[in-house]
Structures are given as structure tokens and as C-alpha cells.
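Asks: Each chain, written out:
Number of protein chains: 2
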Amino acid sequence: MALQTIAVIGGTGPQGKGLGLRFAQHGHHVLLGSRSPDRAEAAAAEINAKSPAAPRAQGGTNSDVAAAADLVLLAIPFAGHDEIVGCLTKALAGKIVISCVNPLAFDRSGPYALGVDHGSAAEAAAVLAPESQVVGAFHHVSASALWSDRPSLHHEDVLVCGDHEEAKSVVQELARSVTGRRGIDAGPLRMARQLEPWTAVLISINKRYKTQSGVRISGIDGSH
Amino acid sequence: MALQTIAVIGGTGPQGKGLGLRFAQHGHHVLLGSRSPDRAEAAAAEINAKSPAAPRAQGGTNSDVAAAADLVLLAIPFAGHDEIVGCLTKALAGKIVISCVNPLAFDRSGPYALGVDHGSAAEAAAVLAPESQVVGAFHHVSASALWSDRPSLHHEDVLVCGDHEEAKSVVQELARSVTGRRGIDAGPLRMARQLEPWTAVLISINKRYKTQSGVRISGIDGSH
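Residue numbers (the working numbering), protein chains in the order written: chain U, 1 to 224; chain R, 1001 to 1224.
Hints in this document: simulated from the structure, not taken from any laboratory. One should not assume that every hint holds.
[Unchecked claim] With the C-beta cut set under 7 Å, the calculated list includes, among others, these residues of chain R facing chain U:
1. H1026
2. H1155
3. E1156
4. G1187
Even for Gly, the Cβ is constructed at its ideal location relative to N, Cα and C.
Next up, chain U with everything else stripped away, as it sits in the complex (with noise of 0.2 Å):
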């Protein structure tokens, strides 16, 4: 895919950093964004260390970043998704926005989905940026397979759902910085009411099984 200017909502994160670094060895530049500056430069370093081949990741403050990127990457905790995302409405406007972001709470018996408004995160996304095209996807893979060094997570799939035939296509491509393989198409945006919730039945395979547990779709050839 061409090359893009990436930025990374929540790019501090485990899951944000892990995606980041996946996108900048790949070629992208990417900029993480962060609350604090200060602390997105040092994960933008953390990046640049392991990767002192790849186009230089920067941080700056989510709504820098997020002005300054083609596409966004939505990598942040639910709690505060909606304020955080209501900010960068006008930022966001005329992107493409990808949202990996996964509604779940913890109990005693584990993981478990939270009930969202609008259904799921990424509907809530398209909701309060209107003139984004939000695309869910990057929902089930692990930070630490993300930030380790093998060279691909060829055993997973990237399900990418979204109402905007031509922005998912986008991001299906990009999944192949993750996978090697291009992202699956899964459908309407509303099938992120699916995608969000199973990382719990993932993490709770997880738990049980003492595994790093991924999600792989069989019926499908590697050419998809």
C-alpha cells in the first residue's frame, strides 16, 4: 500500500506502541499521541530503538498528531474513549479513523464486555466524528506478539469491519504490516458489537490455557 502518516491515538498504550512499531517497520510514519507529550516522545523512542531502520516515529499530543496524520488510530481505553474522541472531531474530519478499541471490564470471573452506547466503540466513534470514515479492526492481537521481535503474526487474522467499502479496503492493506496476510472484510461496522467483545473470550482463553491465544479464520486462502 502507499505509504502513509500514521497517527496513533492512545500511542503510549501497549497496544497502541505495539501497532505503531508494526506500522513504522513497515515504512509508515508514524506519530504517537498521548495526553502528554512528553511521554509520547519517549514511547516514540522506545520504537526508533528497536527499529533504527525505519521511518522515525514522533509523539506530540493526540490532537497534534491526530491533525497532522492521513489516518488515525484510535488505541485508547474506553474509559474516556468519548471525551477524547469528541476532541478531535474537526482533526479527524475527511480521515479514515480505525478503532481498536475493546469495551471490556474484569471481574472475579474474568473478562467481560461493557454494555456502549451506540453498540460498540467504533459506532460510537462514527457517531461523534461524523465526517470520519471509521473503520473497527487490530481488536484481538496481542501487545506482546505486537512488540516482539517476530517478523510477522502469520498464525492471526485482522478483522476489519466498516460502512466505508473503499476505507476498509485501506485498511485491510495495512493489516499485512501485522499479519502478512491482508485484513478479512467481516462486514458492516456493526459487526464491531462482535469483534470488540471477543478479546474477552480470548483473554480468557488466555487465563486458562497460560497462552498468548489469537484468532485465525479457517475456510479462507492465504490470497484473500
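Fit chain R to the supplied structure of chain U, relying on the hints for placement.
Replies: Just chain R now, with coordinates in the frame of chain U:
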């Protein structure tokens, strides 16, 4: 696992008949239930014709087969679920009850998850049959793959959830008759809130890719 007498409530539907076939082929005594005993007998005859060497499957009313079985699979459409299960409470008492019910509906955008009292069909069954050990499993295997001549659906995983560890373990073993591998423990019964509607994702993928997709969990070796 020990051979059992397994009743399939809704055994004339494609999912129930397909799972019944697999159970029979692995030596279990299968009783197909239906509101119409004639239709149940006809479905049992189809299984017997396909697997002449297996123990003979038999048909009967839902309540007769539930009363006669050691283990009961609910394979009914979600419409009518509560009424049917509510009538079987007594016959199900003390038994393992497996729910593979997927509460889905369809509109122009494809499949979507229905809102369900108690969170999921499996949890609703647990409320309606409080003296049973309800386990959720077999939601994702496709009916046509089950009914095909493929010896085992090796490319798929059966995910199993439940609050009764022993019952869950029995169902994990039963999954071998479908995939050739022990089913994966996905956690407590409430995880059915994710397992059931995940079928919408697979149906959506099937439509887009003109395939029969299935779910496979990576990161767990074959010996689980």
C-alpha cells in the same frame, strides 16, 4: 469419552441433524427430537442411511427424547427457545444441557445479534432449567460441513463455556467427534454472550468470500 445417549432438541434442523450425525458416527446413541415425531423419525432415518455402521439414531417428541437421554443438546431456533426449554425443565433436571443456539436476525445489511434476556440463549436456558448443568458449545460449525463426508472438521475449533467444570469437560471431549480435537475451554457460561453472536461474523464473511468460514484459535497446541 464414554458412549452416551444424546438427545437433540430441534433435531430436524440442519445444525441439530448435522451434529447428531457426527455424534452417531462416533458411537453415541442419538435421539432426535421434534414437535412432530414423524419428522424426527424421518431425520433419524437420514442419519442412519448416511451411517449404516453407526448405532441406529431414533426420533421422538422433544420431551420424550429429553427424558430418555443422558445428555441433551438444544439445537432450536431462538424464536420459541424459551417456550420449548421451559416445557422441558423436569426432563432436563440433573443432566448436562448443551446449547448451540445462535440468537441472530437478518436485515439488508446481513446478520446481526439479537438482544437476549439474561445475556445469551445459554444463560436463558440455565435460568429455565436451574437443575441442569448448561454448557454453551458448537455454535460455529457449519451445518453443511457437518453433513458432508469430510471425516473431521480439523480446521475448526469448538469453543465451550460453562460454570460447571465437569460438565464442561464432558462437552470438550464430545467436541472430538466433530473436529477430532478436544474443545477449547472459553470460560464461564456468560462467555456465550460472545460465542453466540460471533456466528454473525462468520455468516457475514461467508457472504463476502463465498466460502464456509470457521473459527480456529491459534496459540493452543493440538494436545489441549
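Asks: So, against the hints stated earlier in the document, which numbers end up violated here?
Replies: 1
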